[in-house]
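K.L.:
Got chain A; can you put chain B on it based on the hints?
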Amino acid sequence: GENVEQHPSTLSVQEGDSAVIKCTYSDSASNYFPWYKQELGKGPQLIIDIRSNVGEKKDQRIAVTLNKTAKHFSLHITETQPEDSAVYFCAAIHLKAAGNKLTFGGGTRVLVKP
Amino acid sequence: SAVISQKPSRDICQRGTSLTIQCQVDSQVTMMFWYRQQPGQSLTLIATANQGSEATYESGFVIDKFPISRPNLTFSTLTVSNMSPEDSSIYLCSVEKGGYGYTFGSGTRLTVV
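Chains as they are written, first to last, in this note's numbering: chain A, 4 to 117; chain B, 2 to 114.
This is chain B alone, in the form it adopts within the complex:
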């Protein structure tokens, strides 16, 4: 299965600022997924990122708030823009690799103050 490195692991940010989260995979993958996990809740898909095309966003998530880059087949970034305390969550990237199931990174724990 794929190994995912996600950075930063945690951050505390001021409201109104932006944070970019990086996701690096140890092998090439077609699709990468970004999830949000609010405190004590399940995982909610934000968007699917394909290399060379615009990310596909789920209902309730927009590109202006969560811009995503996917410059190659092993890397993606998610930016949380103009943050408010409601954005305090764990953000996770995930990939599906060749029948080994969906693998998740260790997550970025974001606190907005």
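Isolated chain A (complex conformation):
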């Protein structure tokens, strides 16, 4: 089955700096890679996703890149703000495959210091 590794497990940045979280996956058939943000006491919220036919996607201050050859994808947050402090999870799945299910990375706790 799919295995997703996520690094780092914790990340502390100064407000205004950039934050980068990296994930690797094992199943070359995976074709959908979402990123979730989980704030304290809340469920995970989808913040951005990318499909395997795209190398990069941006949405305001966040961007995701995908390298299919190396089987890794990354989340980039620019101009970090205190409200970006949360736990971030990457995930991977082969959409349309029978019994498909999201496999999550271990999570990254991001702290943005004012």
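Mixed in with the good hints there might be a few duds.
[Unchecked claim] With a Cα cut of at most 27 Å, we get these calculated BS3-like pairs of lysine-lysine:
(1) 71(A) - 116(A)
(2) 99(A) - 60(A)
(3) 8(B) - 61(A)
(4) 66(B) - 104(A)
(5) 98(B) - 99(A)
(6) 60(A) - 8(B)
(7) 25(A) - 60(A)
(8) 74(A) - 99(A)
(9) 25(A) - 74(A)
(10) 104(A) - 8(B)
(11) 40(A) - 25(A)
(12) 40(A) - 98(B)
(13) 45(A) - 25(A)
(14) 116(A) - 40(A)
(15) 61(A) - 40(A)
(16) 61(A) - 104(A)
(17) 66(B) - 60(A)
(18) 104(A) - 74(A)
(19) 104(A) - 98(B)
(20) 61(A) - 71(A)
(21) 104(A) - 40(A)
(22) 45(A) - 8(B)
(23) 104(A) - 60(A)
(24) 45(A) - 60(A)
(25) 25(A) - 116(A)
(26) 8(B) - 40(A)
(27) 71(A) - 98(B)
(28) 66(B) - 45(A)
(29) 40(A) - 60(A)
(30) 99(A) - 61(A)
(31) 104(A) - 25(A)
(32) 71(A) - 99(A)
(33) 71(A) - 25(A)
The hints are simulated quantities; they were obtained by calculation from the structure and are not laboratory data.
P.N.:
Below, chain B alone, put in the same frame as chain A:
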């Protein structure tokens, strides 16, 4: 995307008892998913619930411990049975809706004492 309402949001239960968690979606979905998130950990899939059929459980999870109902296309329940302190976790339901990705409910924070 779908909007999910999950109840209760939190509960404190005595060991040996059972708790049923409800998940209501604002639109019809084929599959609903139940996850467990242990303290400080990532999300682990418990089972996939399809309407009109038995839930499919992941390795390490059994129907006797986590019975699931899926009576229609907008509702599901997960019961945590014969609870022990090790069952203290956040339980989350999730759906995938028409290409909008996987949406999660706000979770049920369960503490077993």
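K.L.:
So, for every hint listed, does it hold in this structure?
P.N.:
For each hint, the structure was consulted:
1. 71(A) - 116(A): violated (33 Å)
2. 99(A) - 60(A): holds (22 Å)
3. 8(B) - 61(A): violated (34 Å)
4. 66(B) - 104(A): holds (21 Å)
5. 98(B) - 99(A): Given that 27 Å is the threshold and the Cα spacing comes to 13 Å, the pair holds.
6. 60(A) - 8(B): violated (35 Å)
7. 25(A) - 60(A): Within the cut-off at roughly 15 Å; holds.
8. 74(A) - 99(A): holds (19 Å)
9. 25(A) - 74(A): At roughly 11 Å apart (the allowed maximum being 27 Å), residue 74(A) and residue 25(A) satisfy the hint.
10. 104(A) - 8(B): Cα-Cα ~23 Å, so holds.
11. 40(A) - 25(A): The hint holds at about 14 Å.
12. 40(A) - 98(B): holds (19 Å)
13. 45(A) - 25(A): holds (23 Å)
14. 116(A) - 40(A): holds (18 Å)
15. 61(A) - 40(A): Holds, at roughly 16 Å.
16. 61(A) - 104(A): holds (25 Å)
17. 66(B) - 60(A): At roughly 41 Å apart (the allowed maximum being 27 Å), residue 60(A) and residue 66(B) break the hint.
18. 104(A) - 74(A): holds (18 Å)
19. 104(A) - 98(B): Within the cut-off at roughly 14 Å; holds.
20. 61(A) - 71(A): holds (18 Å)
21. 104(A) - 40(A): Holds - the C-alpha atoms of residue 40(A) and residue 104(A) are around 19 Å apart, at most 27 Å.
22. 45(A) - 8(B): Holds, because 13 Å separates the two Cα atoms, which is no more than 27 Å.
23. 104(A) - 60(A): Roughly 23 Å separates the two Cα atoms, so the pair holds.
24. 45(A) - 60(A): holds (25 Å)
25. 25(A) - 116(A): holds (21 Å)
26. 8(B) - 40(A): holds (21 Å)
27. 71(A) - 98(B): Holds, at roughly 25 Å.
28. 66(B) - 45(A): Satisfied, since the Cα-Cα distance of roughly 25 Å is no more than 27 Å.
29. 40(A) - 60(A): This hinted pair holds, its Cα atoms lying about 17 Å apart.
30. 99(A) - 61(A): Holds: residue 99(A) and residue 61(A) sit about 25 Å apart, inside 27 Å.
31. 104(A) - 25(A): Between residue 104(A) and residue 25(A) the Cα gap is close to 21 Å, so the pair holds against 27 Å.
32. 71(A) - 99(A): holds (18 Å)
33. 71(A) - 25(A): holds (14 Å)
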